[in-house]
Structure formats: structure tokens, C-alpha cells
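**Student:** Now for the letters of each chain:
Number of protein chains: 2
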Amino acid sequence: MAAPELLSTTKVSGGELRKYKFKSAALGGLDSNFNLFLPPQATSGKVPLLVYLAGLTCTEDNGAQKGGFFGPASAKGIALLFPDTSPRGAGIDGEDADWDFGTGAGFYLNATHPKFSKHYNMLTHVTLELPQIIDVANLPIDLARQSIFGHSMGGHGALTLYLASKTNQYRSVSAFSPICNPVNCPWGQKAFDGYLQGGVAEAKEQYDATELIKKRTDPVRILIDYGTGDNFYKQQQLLPENFLKAARDAGHDERQVQVRSQEGYDHSYYFISTFAADHINFHAEFL
Amino acid sequence: MAAPELLSTTKVSGGELRKYKFKSAALGGLDSNFNLFLPPQATSGKVPLLVYLAGLTCTEDNGAQKGGFFGPASAKGIALLFPDTSPRGAGIDGEDADWDFGTGAGFYLNATHPKFSKHYNMLTHVTLELPQIIDVANLPIDLARQSIFGHSMGGHGALTLYLASKTNQYRSVSAFSPICNPVNCPWGQKAFDGYLQGGVAEAKEQYDATELIKKRTDPVRILIDYGTGDNFYKQQQLLPENFLKAARDAGHDERQVQVRSQEGYDHSYYFISTFAADHINFHAEFL
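Taken in sequence, the protein lines are chains R and X. The opening position of the first sequence corresponds to residue 1427 in the numbering used here, with each subsequent residue numbered one higher. The opening position of the second sequence corresponds to residue 1427 in the numbering used here, with each subsequent residue numbered one higher.
Hints are all accurate, no fakes.
The list makes no distinction among identical chains, and a pair is therefore deemed to hold if it is satisfied within one copy or across any two copies.
With a straight-line Cα cutoff of 30 angstroms, these simulated BS3-like cross-link-like pairs (lysine-lysine) come out:
1. Lys1660 to Lys1630
2. Lys1630 to Lys1640
3. Lys1660 to Lys1445
4. Lys1472 to Lys1437
5. Lys1437 to Lys1671
6. Lys1641 to Lys1630
7. Lys1437 to Lys1502
8. Lys1630 to Lys1671
9. Lys1641 to Lys1592
10. Lys1660 to Lys1437
11. Lys1447 to Lys1660
These aren't lab readings, by the way, just hints derived from the structure by calculation.
Please model the entire structure based on the sequences and the hints provided.
**Tutor:** Structural data, given as C-alpha cells:
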């Protein structure tokens, strides 16, 4: 595996934001970008890693530019990894037709439908390939200390990657306005019908946070925030109540699973930036 | 004067970000947008106002989305006003040809060249028209307590509007990587040659911060940050040293004029967000 190409370095909050490009095997050999924030503490030793998964239509830049994460991450000495949200330029018929499927909408799964299975493997990209790239590049990151968070589709990704990991790859998970029960919402059903040969039934096994939390009996560390002014929440795309009920039914108490309803906030990065420090500080306890 | 039309309200950092549209007389009757952040304290009384002027190519959205201002402004109870950077759609021949002149590049002056004088009056727009609109809209803002800050071209705007105000409209000024001596840099010379009938000579009187500080003998409150990794600084578009020397020569000490060189930072919003809280807290002392 070749080292990634460094495209730019930008100083921010006492640390460095680096943009890299590399040929992604997981994404069928396409070029893929990611951003990596190194806090000032990374100049004197290895630091833990918090992975941020962005939502529909986003790239590796949205969370970096608008999340408000760098000040809090710098204070806590945590590196931040911002992957893209899908392969780019796979050339699959129809992949650019909709904003909620295909390009910009990889749903952090490994596709099993033959049409998508060569390129749409964001699960492998995030959980295996990017850590390997970080290792190959000799970056000052302790990969044994990882946590994950995300927004909307990326909140779905963070929750499912955390809950389904056989190796407990992530110590904690948090999410802003996540899609919590995608097998029961239009976004999730459309994605699973398209990417998975077995459709929604196949997704139930590993790509639905509400289904996954039912099967977890060991202690978990989960924080979720959503806004009551969020139109996607109102349209029942997010369904945080389903996740909360399943978590409580499975015996996870408030110390293990916090689901917070934030009065009047919407689905935007203004909401995320408001609670950015809360989420970074939550993960810092476990990293 | 009619009340502005409220286009959207978004909750952020415990307060509200509102986007408004109105027909701007100062901009020749064109529609103009602005964003206004009201901190939570505005629900129980009038709050002071800090005006943010953005840089070349920006709109009223860049500072709101990427500045990182809302958390600190909310903590201090300060409202933030984000004007646009120029008229939009004036239809003047050539106004969309360059990124550093015309649309998105109003330079916060009142044009005297006949080609631009009907529409390019951002000075009046920011200092007179927007406060009147805030008053007409009955917003909970104490217009007797105003300060101003900005970035790059907006830093030039903030410094010159502060220094040239006959009424001491602003209590303090700060700037991120401002154009400090525009009569001596390519951006400024091009703008003044285009917008002003008397060109650079006319600009010296009221649109050059370095010239203006020479004439101020009363106490001033000025904070400037620039990054040593900023390419525009290296290309001598900003010239903060000229401003600092003129300020010291005029008798303004470190308590009155701080010009801080920040090692390795560039011209981007990553730089701004790093020092956002510093600037808000600076203004809070005087508001």
C-alpha cells in the first residue's frame, strides 16, 4: 500500500489540518480524499483518533469547515479524521441522479448488489483502509484508541460501525441528528434496496442501529443529540425514539445511552457547532 | 423605510440566526440580504451589536457558517450583523469579470465614479442603512453600543469605518488579516481606480487605515491578527507593518493598538475560527 499524497496543510487551533489523496482499493481503485486534523499534542507523541462521518451530499470538507470541532479537539489532544461520504466518479448508471443515493450518499456500508459492489464499500474504507493509510503514512496516531461520531447519514454510519464492530474498534460513539432506524425510513429503505442484494432484510443484520442495539448486552458508550426543529426528524427519517426504546429495553441505562432532544434546533451545521464541544468532551473521557 | 423580510430563522448556540432581505436604497434599489445573530440575552433586553465585514468573493453567509463566532458571542450576549460584500446584480458592464473588483468586492466605500456611484455604496449600507433597518424592524439591539470587525477586505472596511467615523459610531475594531494600507497594494489600487473618480489620491482621505491612523490622536481600541503563512501577506497585499508603524508614530501604544503576528496561519476561515473567541472577548470589554 502506497503512502497517501499530501495535498495541503493548514494551521488551525494550534494544530494542523491536512488534506490527503490516495487510490482507494476499497472504492474500486478510485482516487479518494480525506482530511486529518492533528492537534498540537501530536508533535510530542501519539494521539487518539476520533472519526467524523458526514451526511448526505457532503464531502470530507463540510465537517472540517463548519463543525467547530478544532478548538475542543485541540484542547483535548484528539486527532480528527474526515473521510468522504462515497466513492467519486465510479461511472455507474444513475449514481448521480439523486442527492440521497449514489454519489455523496454511500451510507457507510459494503454494497452486495453487483452494480455497486466494486466501488461502494465505505464500511471497509472507513474501518480498515483509512487506518492502514494512517499507519503507512507514519502519522502520530494511536490506532488502538479510536472513537467515532457523525451527522445524519454519518450518524447512522457512526452508530452502526460502533455497534457492529466485532473487534470493538471504537471506544465510544456519538451522533448529531442520526438516522437511527433506517430499515423503517425512506432514506434507508431506498439505500438498502439499491446497494444490497438482499435489500432491507439484509440491512437488518448489520446496518440498522436500532436492530443492533437490541443484540448488545455488554456496556456501551453512546451520546445522541437531535433538534426538535429538524424537518427530517419531523418527517420521520431519523426515528431517535425507536433507538432509545430499543436501548432501554436491552438494559442500557442513561449512563450508557444518552439521547437528548434539543428544543428548536434544525438539521444544519449550526446545530452541530452548538454541541461540538459537548461531543468532543464526551469522547475525550474514553480516549 | 419598509421593514425587512425575514427569510429564515435558525437556532444556534442558544440564540437565533436570522436571514433578512430588503430593497436597499444605498445600493440603488437592489435587493440585499444580511444575517443577524441574536444571542439568548436578546429575549430579555437590548444587546450590543458587533458588525462583521467579510472579504473578497464572500456573501453574508461565510462568516456565519465558518467564523466560529456564535459560541463566544452567546457567552457575552452580543448580537452579530453580517452584511453582504457588495451590491448584487447591478448590471454594470464588467462588474462580474474579476473576483477582486465589482460583485463580491465592494470595498466598503461609497463610489464616486459615475459608473458605480448609483449602486456601490457599501459604506452607507453598513453604517447608516442597516442600523436603520434594525431600528425599523424593532429588533432588540442597542445601536448606541456598536463595534466592528472583519476579514481581509472586510478588515480594511472595519478599520476604515471605525477610524473615519465622525460620530465614533464604533467603540472598538478588530480584524483578521486586514488590508491595512490599500493605497499601496494592488487590490486597493485597482478598487480605488475603479470606484473613485479621484482614484488613489481620493482614497487617501478616508479609505486607507494607515493614512487614517496618522490623523487620530485620541485613544483608539484596535486588535489585528495576521498569519505568517498567509500568501496575501507575503504578496504584500495586507501590509500590517505599515499600519503598526503609523500607529506607534502617532502615539498609540500597545494598549490602544495590538498587531499580532500568528506563526504559520494562512488567510482562511480556519485562521479566523482559531482566534474568533479572542476577538469577541476583546470587543466585549467595550460593549
